[in-house]
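Q: One letter stands for each residue in the lines below.
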Amino acid sequence: MDDRKTVELFLSRDERAIRETEEKYGAYCRYIAGGILPSHEDCEECVADAITAVWNSIPPEEPESLKAYIGRITRNLALNRLKALNAGKRGGGVLTEALNELTECASDSSVERELDMKEMKKCIDSFIGGLSRKQRAVFVRRYWYLRTSVQIAEELGMTEGSVNVMLHRLRCELRKHLEREGYGS
Amino acid sequence: MNEEKIFEMIGCLDDEYLLESAPKSGIPVRRRRHFSALLAAAIAAASLLTVGGASAAYKLLAHKGSVEQYGISGEAESRLIVGTSSAENDHLRLTADTVLSDGYTVNIIFTLEALDEQGREYLNRSDVLAEGLPVMFYSTKESAVKDRSALRTYTKTNTKLSGGAFDEDDSGKGRTLTSEGAFAFIVRHYFGSNNPGKIYVMPEDKALCSMERTDDPSVFDGIYLELDVGKNQEVREFTDGTNRLLLSSMNITLIPDGDISTAVLKNSQNSETDFLLICKDGTEEIIHDQKGFTVYSNDYGYTYMRKAVDIDRVEKVIYWGIEFDPI
Numbered sequence: 535m536d537d538r539k540t541v542e543l544f545l546s547r548d549e550r551a552i553r554e555t556e557e558k559y560g561a562y563c564r565y566i567a568g569g570i571l572p573s574h575e576d577c578e579e580c581v582a583d584a585i586t587a588v589w590n591s592i593p594p595e596e597p598e599s600l601k602a603y604i605g606r607i608t609r610n611l612a613l614n615r616l617k618a619l620n621a622g623k624r625g626g627g628v629l630t631e632a633l634n635e636l637t638e639c640a641s642d643s644s645v646e647r648e649l650d651m652k653e654m655k656k657c658i659d660s661f662i663g664g665l666s667r668k669q670r671a672v673f674v675r676r677y678w679y680l681r682t683s684v685q686i687a688e689e690l691g692m693t694e695g696s697v698n699v700m701l702h703r704l705r706c707e708l709r710k711h712l713e714r715e716g717y718g719s
Numbered sequence: 007m008n009e010e011k012i013f014e015m016i017g018c019l020d021d022e023y024l025l026e027s028a029p030k031s032g033i034p035v036r037r038r039r040h041f042s043a044l045l046a047a048a049i050a051a052a053s054l055l056t057v058g059g060a061s062a063a064y065k066l067l068a069h070k071g072s073v074e075q076y077g078i079s080g081e082a083e084s085r086l087i088v089g090t091s092s093a094e095n096d097h098l099r100l101t102a103d104t105v106l107s108d109g110y111t112v113n114i115i116f117t118l119e120a121l122d123e124q125g126r127e128y129l130n131r132s133d134v135l136a137e138g139l140p141v142m143f144y145s146t147k148e149s150a151v152k153d154r155s156a157l158r159t160y161t162k163t164n165t166k167l168s169g170g171a172f173d174e175d176d177s178g179k180g181r182t183l184t185s186e187g188a189f190a191f192i193v194r195h196y197f198g199s200n201n202p203g204k205i206y207v208m209p210e211d212k213a214l215c216s217m218e219r220t221d222d223p224s225v226f227d228g229i230y231l232e233l234d235v236g237k238n239q240e241v242r243e244f245t246d247g248t249n250r251l252l253l254s255s256m257n258i259t260l261i262p263d264g265d266i267s268t269a270v271l272k273n274s275q276n277s278e279t280d281f282l283l284i285c286k287d288g289t290e291e292i293i294h295d296q297k298g299f300t301v302y303s304n305d306y307g308y309t310y311m312r313k314a315v316d317i318d319r320v321e322k323v324i325y326w327g328i329e330f331d332p333i
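Going down the list, the sequences are from chains B and W.
Heads up, the first sequence is in this note's numbering, so the first residue is 535 and it goes up one at a time.
Heads up, the second sequence is in this note's numbering, so the first residue is 7 and it goes up one at a time.
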């Protein structure tokens with residue numbers, strides 16, 4: 535069943551939509567949540583919550599890509615759950631590591647421009663769009679899917695060292711890109 | 007722009023790039039060259055112990071060592087270990103070493119062993135070694151064997167206890183050990199008041215969790231276990247005057263009562279303290295490293311012990327500063 539038909543099941547409040555979504559994208563959601571949350575139990579609950587959230591949000595939403603839609607929801611729920619599990623800390627584990635790495639791209643400016651979602655999307659899309667397919671895969675898996683460099687190396691058939699070197703270069707490139715776009719120091 | 011804003015910006019990435027970078031196939035196998043220190047310790051410990059006639063299930067040293075890692079030994083062992091079951095195909099053998107059930111929650115310790123090269127390759131996968139593997143619970147044999155995806159009843163997860171699988175040493179020469187290509191893991195599941203008494207268990211190919219489901223043959227095809235998960239553990243009840251707290255050797259379950267209990271559960275997210283067992287001899291014991299219940303809802307909350315607990319020694323349970331006394 536393609537996404538359009540599954541979305542139509544959601545729109546008509548047909549509970550087969552839930553089963554279809556679990557069957558088709560449950561593993562994808564577990565990949566996302568499993569990379570963020572420390573325990574399988576949290577991961578499973580997060581995936582269940584994500585499917586529920588999709589059920590509750592369609593309608594009125596009508597996503598073009600159900601996979602991307604549930605993927606984003608899963609990531610947001612997993613990050614929120616991680617923050618709750620590590621209340622008072624920065625988020626813990628993979629999130630802290632990723633944020634620490636991204637400080638290399640941050641500016642020293644004390645004046646922060648307010649960015650809306652549209653601006654942010656345009657800025658990151660123009661950066662990602664300028665990368666090679668392999669660079670994109672490494673960057674997106676690290677900072678969107680929050681995979682570790684060891685996991686990325688295994689998944690993409692690279693060495694951990696080459697992943698780390700590529701990520702370092704990409705962070706430098708991102709910093710320059712942000713400066714060019716007017717978000718730097 | 008600070009790093010948190012940059013991270014937020016990355017979250018806005020276009021669907022096209024998101025999907026392009028999503029995993030489309032299984033994670034490549036990487037051979038593990040060094041023997042697991044954990045399993046080595048388990049084997050060393052087990053070799054010092056006498057394996058009794060009643061412990062036929064522990065004929066493999068790794069099985070015994072696995073269970074001991076969970077703090078089950080000595081007198082507790084004879085009380086806790088209730089039976090085993092094993093199933094295999096050409097590649098792998100799955101053994102349920104121990105089934106511990108307080109009626110509400112079941113804890114099952116499994117050992118997975120490789121029987122041929124394909125099985126060893128599976129166990130050598132870095133994701134399996136790092137994370138263990140999901141195990142599915144089914145309510146009927148038919149749903150387990152004939153139509154796995156459509157009729158699954160419980161999605162289960164686990165924590166790996168020990169592991170160790172290798173194909174060669176640093177010189178490239180193969181080694182032989184009794185427990186080569188085996189690891190143990192524990193699966194926990196909360197049934198609440200809906201314990202079916204009996205379940206059918208099948209492991210799930212780890213690869214299927216990393217990509218979209220396919221109809222490809224699984225390395226676990228044909229392996230399923232029929233397990234009795236009815237209550238086999240003593241349970242003691244405690245109360246704070248409002249809520250019931252059930253204590254068994256492996257689990258604590260809170261049965262809340264109305265809004266007050268819900269508030270207690272919510273508070274667990276923001277406290278620095280955790281469960282504390284006050285023993286009759288005056289000693290205190292913190293039961294695990296986590297904060298609050300592992301799983302909770304308005305109807306229940308449960309968590310599990312770091313080590314099996316002798317519940318007869320417990321005088322009082324303190325949860326987030328709230329005292330629960332025996333009923």
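Think of the hints as simulated: they come from the structure by calculation, not from any bench.
The C-beta atom is built at its ideal place from N, Cα and C for all residues, glycine as well.
One or more of the hints may lead you astray.
Using 27 angstroms as the maximum straight-line C-alpha spacing, the simulated DSS-like pairs for lysine-lysine come out as follows [unchecked claim]:
(1) LYS11(W) with LYS656(B)
(2) LYS710(B) with LYS11(W)
(3) LYS668(B) with LYS11(W)
(4) LYS617(B) with LYS11(W)
(5) LYS11(W) with LYS601(B)
Over 12 angstroms on every C-beta distance to chain B, these chain W residues come out as not near it, computed from the model [to be verified]:
(6) ASP20
(7) GLU123
(8) SER199
(9) VAL225
(10) LEU283
(11) ASP287
(12) GLU290
Q: Looking back at the numbered hints, which does the structure fail to meet, lowest number first?
A: Hint check: 6 fails alone, others pass.
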